[in-house]
Each structure stands twice: as structure tokens, then as C-alpha cells.
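Construct the entire structure; sequences and hints are all you get.
Residue numbers (the working numbering), protein chains in the order written: chain A, 105 to 461; chain B, 105 to 461; chain C, 105 to 461; chain D, 105 to 461.
You may find that some hints are simply not true.
For chains that are exact copies, the list does not tell them apart, and a pair is met inside one copy or across any two.
Claimed, not checked - Straight-line distance between alpha carbons at most 35 Å, and here's what the computed DSBU-like set of lysine-lysine pairs gives:
1. K253 / K267
2. K435 / K115
3. K267 / K109
4. K457 / K267
5. K267 / K242
6. K154 / K289
7. K115 / K457
8. K457 / K242
9. K267 / K289
10. K289 / K457
The hints are simulated quantities; they were obtained by calculation from the structure and are not laboratory data.
Predicted model, so just to flag it, every value in this text is computed and none were measured.
Protein chains: 4
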Amino acid sequence: MGRRKSRFLRKPVEPFVVEAGLSADAVLERMERISFQGRNLATARRIWEKMLASDATIFLGTAGALSAGGMRLLIAHLIERRYVDCLVSTGANLYHDLHETRGRRHFIGSPTLDDAALAAERIDRVYDTLASEDEFCKNDEWIAAFVLKLERRPYTTREFLYKLGEQLWTDTGNNGILTAAYRAKVPIFCPAIADSSIGMGLSQARHRDQTAGMADVIGDIIESANIVIRKPSTATIVLGGGTPKNFINQASVQAEFYDDRVGGHKYAIQIVTDVPHFGGASGSSLEEAQSWGKLSIESEKVTVHSDVTLALPLLLSALESTSHDLAPRRKRPEFDPSGRILVMNGQPLADGKFQEA
Amino acid sequence: MGRRKSRFLRKPVEPFVVEAGLSADAVLERMERISFQGRNLATARRIWEKMLASDATIFLGTAGALSAGGMRLLIAHLIERRYVDCLVSTGANLYHDLHETRGRRHFIGSPTLDDAALAAERIDRVYDTLASEDEFCKNDEWIAAFVLKLERRPYTTREFLYKLGEQLWTDTGNNGILTAAYRAKVPIFCPAIADSSIGMGLSQARHRDQTAGMADVIGDIIESANIVIRKPSTATIVLGGGTPKNFINQASVQAEFYDDRVGGHKYAIQIVTDVPHFGGASGSSLEEAQSWGKLSIESEKVTVHSDVTLALPLLLSALESTSHDLAPRRKRPEFDPSGRILVMNGQPLADGKFQEA
Amino acid sequence: MGRRKSRFLRKPVEPFVVEAGLSADAVLERMERISFQGRNLATARRIWEKMLASDATIFLGTAGALSAGGMRLLIAHLIERRYVDCLVSTGANLYHDLHETRGRRHFIGSPTLDDAALAAERIDRVYDTLASEDEFCKNDEWIAAFVLKLERRPYTTREFLYKLGEQLWTDTGNNGILTAAYRAKVPIFCPAIADSSIGMGLSQARHRDQTAGMADVIGDIIESANIVIRKPSTATIVLGGGTPKNFINQASVQAEFYDDRVGGHKYAIQIVTDVPHFGGASGSSLEEAQSWGKLSIESEKVTVHSDVTLALPLLLSALESTSHDLAPRRKRPEFDPSGRILVMNGQPLADGKFQEA
Amino acid sequence: MGRRKSRFLRKPVEPFVVEAGLSADAVLERMERISFQGRNLATARRIWEKMLASDATIFLGTAGALSAGGMRLLIAHLIERRYVDCLVSTGANLYHDLHETRGRRHFIGSPTLDDAALAAERIDRVYDTLASEDEFCKNDEWIAAFVLKLERRPYTTREFLYKLGEQLWTDTGNNGILTAAYRAKVPIFCPAIADSSIGMGLSQARHRDQTAGMADVIGDIIESANIVIRKPSTATIVLGGGTPKNFINQASVQAEFYDDRVGGHKYAIQIVTDVPHFGGASGSSLEEAQSWGKLSIESEKVTVHSDVTLALPLLLSALESTSHDLAPRRKRPEFDPSGRILVMNGQPLADGKFQEA
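Shown next, in the form of C-alpha cells:
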């Protein structure tokens with residue numbers, strides 16, 4: 105025809121071709137040239153690889169019933185192999201992790217079970233997954249007993265969760281999120297700890313001793329921002345939205361308040377089922393985050409609209425194939441989360457104040 | 105034919121008939137006999153009326169960008185007229201309320217605005233709604249200054265938010281969620297305060313004085329459970345899911361641990377956009393909540409799958425028409441949230457411990 | 105500060121203020137200044153008013169279980185009062201309308217009923233709504249008997265549905281979608297008639313007489329495009345997405361192929377629960393539709409993400425208050441859908457061909 | 105404790121363990137013991153294997169922009185290797201398949217492109233995917249020219265699409281959905297053909313010759329039911345919902361009307377993003393389908409709530425690994441879809457009537 109091809113029509117969609125024996129890596133590679141959320145998942149792998157190749161401090165946020173749903177060893181793996189540097193989690197994910205690390209289990213059920221029958225047997229349902237309420241009560245007591253062993257002073261959730269992981273590791277030697285973070289010295293923040301069974305365990309310790317169980321969640325805000333100020337090259341990976349998503353962004357916004365070099369996360373991946381058009385934070389777009397300075401205008405970013413249980417196994421199996429050796433060797437921050445003051449790259453972060461430039 | 109009509113086919117759907125001049129009350133009344141989420145919204149009104157006619161302590165949970173989105177005076181109204189007895193909120197809803205109570209505004213925008221242009225002008229976007237980041241920074245500073253005026257000791261969010269509401273009312277005399285709760289002596293809990301700009305304000309006070317800004321969120325767990333133990337007849341209304349939804353349920357579960365008379369909430373309404381099948385708490389069904397004992401097996405309950413901004417104006421306009429006089433006169437708890445220990449019906453709740461039977 | 109206010113921050117959000125006795129009209133008016141889907145619903149009313157004030161031919165598309173769910177008299181009202189000029193519907197909505205126009209009912213049920221028990225009693229469930237399968241079978245037979253009375257030749261669904269409405273009106277004198285359209289001479293297209301119980305009725309007529317039951321759905325494409333060509337000022341209102349949404353857009357695209365004056369719909373409202381990011385047509389954005397020329401680049405448009413049963417009663421109650429007298433008097437096309445060739449404004453559309461300029 | 109373990113708590117969730125080099129088969133196998141939609145996808149593979157091991161006639165329904173989105177060769181593969189026996193599709197999926205089989209392409213774009221700029225260049229956007237409108241117009245003309253070569257009589261979509269696939273194969277020798285179905289003699293039904301560009305091509309043929317382009321979609325209803333009556337052991341796999349989902353169910357319901365041996369599909373898989381609680385057919389639950397008799401009460405079934413582009417590549421890569429040899433050798437129906445009357449297992453189905461027992 106002689107007409108020049110439009111600048112918009114440069115890169116064709118390549119229909120996915122199936123073969124027996126394809127690796128997860130190959131499946132996800134072929135998905136890079138399809139459309140919609142399949143392509144977005146494949147893009148997420150490539151952006152994660154770029155994070156690993158950069159010098160960015162990588163935050164991981166985990167919300168939703170990931171641990172109950174069979175994702176806890178994937179998250180432990182990300183921590184252990186240092187695909188990520190800092191975890192921000194809901195309390196529930198840490199609690200259900202502790203449950204299994206302590207040798208208890210979640211069970212396969214169905215969403216159509218009779219909840220009155222379950223209640224009669226003291227079984228708690230999470231959609232299609234079940235657990236024993238009596239075992240949960242014993243976890244709470246175990247946590248309370250642990251809390252009562254601690255020195256009586258406020259603890260950031262970061263310090264508290266490190267010690268909890270240490271105790272769990274000592275007691276069980278089992279792998280899990282909390283124990284992997286303890287061993288890899290990856291800090292965990294749990295800003296909404298009061299809305300979880302870990303919080304309930306803390307409150308039961310308080311019940312027995314009114315000087316126990318003080319969580320310093322405001323200290324967490326300062327520490328998380330100081331991580332960004334200390335090294336203003338950061339990345340965010342969000343699984344499920346919720347408080348972790350915003351807390352990770354807040355760390356950057358708060359850091360920028362005290363240090364102009366901070367300019368938002370440089371890379372962002374979110375895997376969420378929520379949508380932007382109802383205005384809530386869980387579903388908010390990564391573009392919207394740029395207006396706030398949570399993400400840099402130049403950031404590389406992708407949203408995958410999917411259930412994490414469906415997306416994560418394929419994503420991490422493929423990522424592991426290309427990055428198994430790279431991840432532990434990358435340029436990354438080293439933390440010591442064991443004390444009252446978080447230590448980053450050998451130096452303590454400022455004590456109770458934002459690190460000023 | 106001679107066949108008896110099935111027991112299932114008793115109550116016909118009545119097609120909605122439109123007329124000019126219908127009141128909100130009449131619209132919602134006609135929706136009781138349609139189907140799907142329209143019927144559910146109409147049912148929510150009737151269940152709320154039953155709550156009001158009962159002796160239940162009514163918890164309200166608010167998550168999502170309700171205050172930024174124009175819902176804050178509806179929530180203030182629910183508090184002021186005592187349609188509810190206790191608020192559990194995300195920090196964001198309280199913060200955006202404070203922003204407007206202090207005379208600042210949110211603005212009408214569009215989801216297709218250029219976020220780089222917004223960032224350049226320091227304008228923050230919440231889907232189709234905008235605000236000035238500079239004004240937000242001033243709010244943070246105002247909060248920090250207020251915090252620095254407080255005695256140096258830990259505060260439950262309940263006590264802190266009461267005092268914040270008091271200060272706001274003194275400064276502005278303006279209506280809003282925080283000021284209405286202050287005046288009506290309705291306690292507010294904010295379990296995830298660390299994941300919000302109110303938490304950022306607290307952290308900025310800490311920055312200036314390391315002895316300031318200690319939020320005792322574990323104390324909140326105890327107090328909220330004690331409200332249930334003191335009077336084990338409770339109801340839950342959840343707007344948007346999130347941490348408030350679970351915190352209200354946790355109060356009941358934790359209370360039951362210490363007092364066998366507690367048997368889950370007796371009434372439940374939730375207006376959520378999230379769905380059950382991804383396993384997260386925001387979308388979890390009220391049936392699932394029964395397996396945990398969060399709701400009584402006999403509870404009256406309804407889920408409305410809708411954006412709150414679409415559902416709430418109609419729901420409350422209709423409810424106001426039938427319950428304007430009833431709500432303030434109903435059998436309800438009276439609180440004094442002004443001190444370190446929450447007072448309920450003239451008696452202090454247990455200090456730092458769960459109220460035991 | 106002396107700083108000029110940003111051009112983005114011009115129009116503040118006005119928090120919704122509730123009062124007893126508010127009319128639906130007042131509720132929706134107050135929702136114009138809130139955010140998210142509540143604002144979008146309020147905007148939809150204003151765009152509909154603009155459609156009515158213009159000379160546009162207004163297409164209405166209806167998908168989802170609207171008739172079973174109690175919306176059929178709202179749609180009949182829109183037709184009768186000429187808020188719309190042409191209906192495009194799924195077969196199911198017309199079939200469930202016919203069911204009730206023939207004096208049968210749908211019934212209020214629950215989504216948690218035992219489907220095996222329902223099947224045993226031959227009761228069909230649509231989420232929380234029930235109907236008798238035996239009554240459905242009788243409808244199918246009634247339709248088949250009607251079809252066998254027709255002259256043996258192909259019928260566009262437009263002609264067929266007109267005659268079906270006529271028969272229903274003669275038999276019952278009852279109001280409904282089909283009978284209102286018959287009486288108001290509003291054409292109805294049903295492009296996916298083969299995927300519905302009306303199609304099943306046609307097929308049962310064919311079973312008895314192999315020369316009966318020929319639906320000419322390709323003729324429908326031509327006729328619907330000719331409506332646009334005859335007067336290239338059009339508007340689209342979509343409830344629920346599905347085949348009607350695309351068919352209305354296709355009419356404009358196909359019309360433009362034959363007549364350059366056609367430039368896409370000038371106004372567009374869609375109330376859908378589906379979302380854009382999975383790539384399907386039901387959830388596709390109105391912006392995307394502009395790339396195809398389905399909508400004019402200058403069109404006024406709004407998407408409301410909501411269940412229709414929740415949004416439509418309020419929307420139409422408010423619209424009726426402002427437009428009750430206006431709608432029937434507006435500048436609108438007049439159709440005669442009774443014959444083989446559709447007549448528009450007194451002149452037959454081209455016979456079996458696209459109307460060329 | 106001595107307490108017996110609850111019957112509900114038998115099968116523990118097994119946390120997913122990642123390894124480098126995992127095959128798609130192994131990834132999906134490990135997902136069988138996790139929760140939520142990840143588990144459902146893994147279950148879908150096992151149910152599909154049971155379909156293949158049974159004697160069931162397997163219907164596949166395809167809706168949503170699957171072909172534009174890179175899924176067309178997966179569907180072609182399912183047809184060619186006889187993982188399925190009969191396809192029911194939206195017109196769009198067949199049209200976008202034809203576009204690529206004819207050597208044209210879809211292109212990788214973004215959902216944030218400027219639609220006015222795209223419209224100016226005559227580029228059509230499907231969320232993040234683009235195509236040339238001029239090339240689409242040429243497809244329409246190609247279809248119209250093909251239609252004009254056909255004998256002037258009504259064609260079921262099944263017969264028409266077979267001949268279209270034949271012509272495409274003759275012209276191009278390229279693989280795709282239509283050409284694979286032609287070569288494998290797998291019938292395709294397109295009940296909503298009038299709502300698609302294939303329908304537009306038919307209408308353009310009619311425009312040139314008023315005796316051309318007659319699609320007999322009512323005949324499709326009879327043929328699809330006769331397939332079920334001839335062998336009342338059937339299975340349904342639905343990708344995306346829409347008209348194909350209901351049409352496949354309708355075939356079973358209509359068949360049962362004429363033959364009591366028919367008792368609903370024996371196996372069912374659906375991968376949909378839509379949800380049940382708005383009442384529409386796309387999102388309706390498989391349990392609800394049982395109330396109608398669309399599925400047998402004893403059927404094995406699973407719903408996967410996911411975008412097809414994300415779920416299908418993994419599902420089919422895993423299925424291929426276990427079933428590559430099995431699928432083509434299974435007990436399956438053989439069709440001859442080339443003539444006016446569909447031939448099944450060597451015998452013509454009844455001509456224009458339902459096959460009676």
C-alpha cells in the first residue's frame with residue numbers, strides 16, 4: 105500500500121503456543137507477548153529482574169490470607185534468597201505462618217460447607233480452607249507466654265517480630281516467614297498488628313501483666329522511612345493490597361518530607377484483585393501513586409489483577425529459573441534487626457527520629 | 105394442575121414501579137421486593153432498624169476513601185444521632201475528615217488526569233478526587249503540634265482520638281467525624297493508625313521529642329473486647345471492609361475467650377466491593393464469619409456488594425425517614441471516652457485487662 | 105500564601121448531608137458533588153437529561169437478569185414515556201418479561217438454597233431469585249404456538265418481537281417490556297435471540313414445522329445501522345454490557361462505513377459491573393470505544409460501576425422527577441416496527457441494504 | 105488430647121515450594137494442595153483429565169477478547185488435538201482469529217494510550233492491544249465476498265463457519281481456530297453471530313445481493329441439542345462466560361425436553377472473572393446451574409475466577425504434559441460438519457427437528 109505503518113503498531117501480539125514439557129520459565133516467557141493480565145504477569149517477572157539488577161532496597165507487602173492459602177514458603181523463599189529486603193505484612197499472614205511453623209496445619213475445605221456445623225466443631229473457615237480454633241487458642245497462649253518473657257518496654261513490631269522469629273526458630277527449627285526473616289536478618293513491619301491474632305496474643309500478655317505487650321507502631325513509621333532516607337533507591341512489590349501497600353508508600357512519602365533526594369519508589373509491582381474505581385487504597389492504580397510521589401514518574405511498574413494464589417506460583421517458579429544465583433549476590437542492604445535500633449549496612453538508623461540529610 | 109405450590113415459591117418479586125416525586129424512603133421500600141444487590145440494600149435498612157430497636161451495642165467500621173469521597177458528614181450524622189455506638193476506622197478516613205473540619209477541601213477531578221502534571225503541582229489524586237499536598241503537610245504538622253501538647257505517656261487510639269476531636273472542636277467548632285464523636289462521646293478505635301497520615305503526625309511529634317507519640321494499639325484490643333464483655337449484645341455495620349471489619353469481629357472473638365456469654369454479633373451489615381473467593385478478610389462472607397463465632401449462628405445479616413458512595417446516601421436517607429426520632433431514644437450504651445480508662449454506662453472498664461465474668 | 109490556586113482544584117467535593125424526607129431527586133442531586141461511583145450515578149442522570157434535550161436517537165441496551173430481578177417495569181416505563189427510542193436486549197430479559205406479562209411470577213429466594221432440592225422440585229434459581237421450570241416450559245410452548253401462526257418467511261428479531269408484543273398485549277392487556285414497546289412502536293432488537301428461551305420457543309416451532317421459525321439476525325444488523333444513517337445523532341445507554349452493548353456500537357460503526365456523516369454516538373451512559381482490565385467487551389471503557397469511532401471524541405459519557413438493581417431505581421426515580429413531562433415531548437424519531445421493513449419518521453428504511461448517502 | 109480429629113480436617117494444605125526448573129506440570133500439580141483460585145485452577149486440570157478419560161462429548165465455550173489477546177493458537181490446539189469436540193464462540197473470537205489467519209496482526213499497546221490519537225490513525229484498542237481498522241474493513245470485505253460465492257439459502261452458523269474455515273485454509277494454509285476446526289471436523293456454533301464483525305461481513309454481502317447472507321441461528325439450537333440427545337454424556341468448559349456459556353447449557357436443557365435420558369452435563373469447568381452476586385449469566389455459579397438441570401447434581405465441577413489469559417497458558421501447558429497422547433485417542437464423537445445436516449458418528453442428526461427418543 106505504500107502507507108507507513110503507524111508508530112502504535114510496532115510489536116505484534118504472539119499467540120501462545122503450547123507444548124508438552126514446557127517449563128514455568130518458558131510459559132511465562134511466552135506470556136510476554138500476549139495481552140491483558142497474562143502479559144502483566146510476565147512483565148512483573150521482568151520488572152522484578154530489573155529490581156534485582158539494580159541497587160534498590162526491595163520492600164515486599166503481603167496481605168490477604170496468603171499463609172493460610174499455601175503461600176508462606178514462597179514468601180519465606182523470597183526472604184531467604186533475598187529476592188526482597190524488607191517485609192511489611194498483615195498480622196494474619198504472620199500468625200498463620202507461626203501456626204504452621206509450630207507444626208499445626210490448615211486444611212482443604214470448600215466454600216459451601218455448613219458454617220453452623222463448622223462452628224459446632226470449633227473449626228474456622230477461610231473461604232475453602234479450614235483450621236482448628238483450639239489450635240489457634242494455643243498459638244495465642246504461646247505468643248502471650250513469649251511476650252511475658254520479654255523485657256518490659258515498648259517494641260517496634262520490627263524488633264518484636266525479629267525476636268518472635270528467633271523464639272520460633274529456637275523452638276522448632278522449622279522454615280517459615282518469621283523464621284526465614286530471623287535467619288536472613290530481613291526486617292518485618294506489621295503496622296496493623298492490633299488487628300490480628302498476634303495482637304491478641306500481645307493483649308493476653310498484657311492481661312496477665314499490665315506492663316507487658318506494648319507495641320510501638322509509631323516507631324515503625326520512623327524506622328521504615330529511615331530505611332528509605334538512608335538509601336533513596338527503593339522498589340515495592342505488593343501482594344494483595346491492604347495496609348502493607350500503603351505503609352510501603354508512606355515510608356517513601358514520609359522520607360521525602362525529611363530528605364529531598366527521595367523521589368518515590370523506582371520499581372513497582374502489585375498483584376491485586378481490587379480495582380481503582382471505588383477509590384480504596386488496595387485497588388488504587390500505580391499511576392495514581394505517582395501523583396502523590398509514592399512512585400517516581402519514571403518508575404517501571406505493572407499491576408497484575410489476579411488472585412495471588414493463582415499468579416505467584418508461576419511467577420516465582422519462572423523468576424527462580426532466571427535469578428536463582430543472581431538474587432543472593434545482588435547489591436543489597438544488610439540489616440541487623442535484632443536490637444532496639446535497626447542497623448542498616450553496619451550503621452544504626454537514627455534513634456526515634458527521622459534521619460535528616 | 106392440582107399441584108400444591110412449592111414452599112420455595114411463596115413471595116413474588118414485585119417489579120419496581122417508578123413515579124415522580126418518590127422519597128428515598130419509598131424508593132428503598134420498593135427495592136425490598138426486587139433482587140440482587142438492590143434488594144440487599146433495602147434489607148440492610150430493615151436490619152439496621154432492628155439493631156436500633158434492640159439493646160445491641162452497634163459498632164461501625166469505615167474503610168476506603170469515604171471522607172475524601174464525600175461521606176464524612178453521613179458518618180458524623182450516624183454518630184451524632186447515635187445510629188451507632190462505637191466507630192472503628194482506618195486512619196485515612198479520620199485524617200481526611202480532619203482536613204475538611206480544619207476548613208480545607210477535597211476537589212472534584214477525574215481518573216484520567218495526567219499524574220505527572222498533578223505531581224508537578226503537588227496535587228494528590230484519589231481516583232477522581234484531588235487534594236493539595238501542601239495542605240496535607242500542614243495537617244501533619246498541626247497533628248504533631250497537638251501531640252506535643254499531650255502528657256508523655258502511651259495513649260490508646262480511643263483516648264487519643266477523643267482528645268484530637270476535642271482539640272478540633274475547640275479550634276474550629278466544625279462538624280465532622282472526629283468532632284461529632286467527641287461531642288457525642290462515641291469512642292473511636294483506629295487499630296491501623298500506623299498506616300495513615302495521623303500516624304505520620306504522631307511520628308513527626310516523636311521526631312521532635314523522643315518521649316512523645318506513643319500509641320497503645322494493644323490497649324485498644326482489650327478495651328474493644330471489654331465493651332463486648334460488659335454487654336454481650338452487639339451488632340456490626342461494616343463499610344468497605346479492611347482492618348475495621350476484622351477488628352470489630354476480633355473484639356467479639358477475644359471477648360468470648362474470657363466470657364462464655366459472648367456468642368458473636370447478633371446483627372451484621374456489610375457494604376463491600378470485595379468478594380469472598382480470593383480468601384481475603386475484606387470480602388469474606390458473613391456465613392464464613394459464623395464458623396469463627398464472629399457472628400452468632402442466629403444473627404440477622406446482609407452483605408451489599410456495592411461502592412459505599414453509591415449505596416450509603418440512599419440507605420441513610422431512607423433510614424433517617426423511619427428512624428430519625430427512634431435512634432437517639434433507643435436503649436444504648438453511654439460512654440465516657442475522655443480518660444485513660446474507657447467508662448461504659450458509668451463504670452470504668454477493667455484497667456489493662458480483659459473484664460472477666 | 106499568595107499562591108494561585110491550581111487549575112485542578114476548582115470545584116470542591118461537597119459532603120453529602122442527610123435529612124429525613126429527602127426525595128430521590130434531592131438524594132441524587134447531592135450525589136453530584138461526592139466522589140467515585142456515587143458521583144458517576146448522579147452524572148448519569150444529567151447526561152440522560154442532555155440526551156433528552158438533544159435531537160439524538162437514544163438506544164437502550166439491557167443485559168443481565170434485569171427482568172427476573174424486578175427491573176422490567178422500569179424498562180417498560182422508559183419505553184412508554186419515550187426516555188429511549190430503540191431497545192437492544194438479550195433474549196432472557198424479554199423472556200422473563202413475557203413470563204410475568206403472562207401472569208407468572210419470579211420469587212424471592214436466597215443464594216444459599218440447596219440446588220439439589222430446587223432441582224428436585226423443578227425450580228430454577230437466578231442467584232437469589234426463583235421460578236418454576238414447568239411455567240417456563242409452558243411459556244416456550246406458548247411462543248412456539250405463536251410462531252406457528254406467523255406467515256412462513258424470515259423475520260428480523262425487530263419485526264418478530266413487535267408481533268410477539270402485539271400478541272401478548274392482545275392476550276393479556278398487561279404492561280411489560282414487550283407490550284410497552286408494541287404500544288409505543290419502539291423497535292426491539294435481540295441479536296443473540298438464539299441464546300435464549302425465546303430462541304428455544306422458535307426452535308420448538310421449527311420442530312413441528314420445518315418451514316417455521318426463521319430469525320433473520322443479519323437483517324437486524326442492516327436495520328440498526330440504517331437507523332443511525334437516517335439520522336446520525338445518536339446516544340447509547342447500556343445496562344449490564346453483553347451483546348446489546350456491542351450491537352449498539354456496531355450499528356454506529358457499520359453506519360459510518362456507508363455514510364461519512366456518522367461519527368459515533370454523541371452521548372453514552374453505561375452501568376456495568378464488569379471492568380476493563382480483562383479485555384472483554386462488557387467491561388470495556390467508553391474511552392476505548394472512542395478509538396473505534398463507536399463514540400464521538402467529543403461525546404459526553406459516564407460509566408457507573410454498579411449492579412443495575414441497586415443503581416437504576418434511584419436513577420430513574422430522580423430522572424422522572426425532572427423529566428416526566430419533557431421526555432414524551434422531546435424531538436425524537438417515530439417508528440413503525442410492524443412490517444417487514446422498518447419505517448422511521450414516515451419513511452421506510454432501505455430494504456435489505458444499507459442506506460447510502 | 106485424645107480427641108478424635110474432625111472429619112473436616114483431613115487433608116492439609118501443602119505450602120507451595122518453589123524450585124528452579126519446575127515444569128508447568130509440576131507447578132500446577134503443587135497448586136492442588138494450596139487454596140483459593142490457585143487450587144481451583146489445579147483442580148480444573150484434573151477434571152479436564154476426567155473428561156478425557158470418560159466418553160463425554162466436550163463442549164468448549166469462548167468469550168472475551170481471547171483471539172486478540174493471544175489465545176487463538178491454544179484454542180486451535182484444543183481443537184486439533186481433540187481436547188474438545190464442539191466449539192461455541194462469540195463472533196469476535198472467530199473474527200480476530202480470521203484476521204491473524206489471513207496474515208494480519210494484533211499489536212501490543214497500553215491501556216493509557218490517547219484514544220483520540222488512536223482514532224485519528226484509525227487504530228482500534230482492546231484494553232492494551234491494538235489493531236488497524238483498515239485491515240478490519242478488508243476482512244469484512246473478504247467475508248462478504250466469500251458469502252456471495254455461497255449458494256443462496258439459509259446456513260446454520262455451524263455449516264457457515266465450516267465453509268469459512270475451508271476457504272481460509274484453502275487461501276492461506278495457516279493454522280487458527282477456524283482452520284483447525286475445519287481440518288479436525290469440529291463443529292463451531294456462533295449463536296450471537298449478529299453481534300460481531302463476521303455478522304457485519306454477512307450483512308455487507310446482503311447489501312450487495314438481498315438474497316445472500318441468511319444465518320439460521322434457530323437451526324443451531326436444534327443441532328446443538330441433537331448432539332446431546334444423540335449421546336447424553338456431555339461436558340462443558342467455559343472460558344469467559346457470555347453467550348457461549350448459556351448456549352452450551354441451553355443445549356442440554358433443550359435436549360432434556362425431548363429426551364428424558366439427558367440429565368445435565370457430567371463435568372464442568374468455567375474460568376470467569378464475573379461473579380454470581382449480580383445475577384448475570386456470565387458469573388453464575390455451577391451450583392445454580394444444577395437447579396436448572398444444566399449440570400447433573402453429581403457432576404464434577406470447578407469455577408476458576410481468573411482472567412483467561414493468565415490461567416489458560418499454565419493450565420494447558422500442564423494438561424498437555426499429561427494428556428498429549430491420551431486426548432487424540434479417547435472415546436469421542438466424530439462429526440462431519442460440512443453439509444446442511446450435521447453428521448455425528450456417521451449418522452445425520454434429524455433434519456430441522458429435535459431428535460426424539
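Sort out which numbered hints this structure fails and list those numbers smallest first. When the structure is compared with the hints, only number 7 turns out to be violated.
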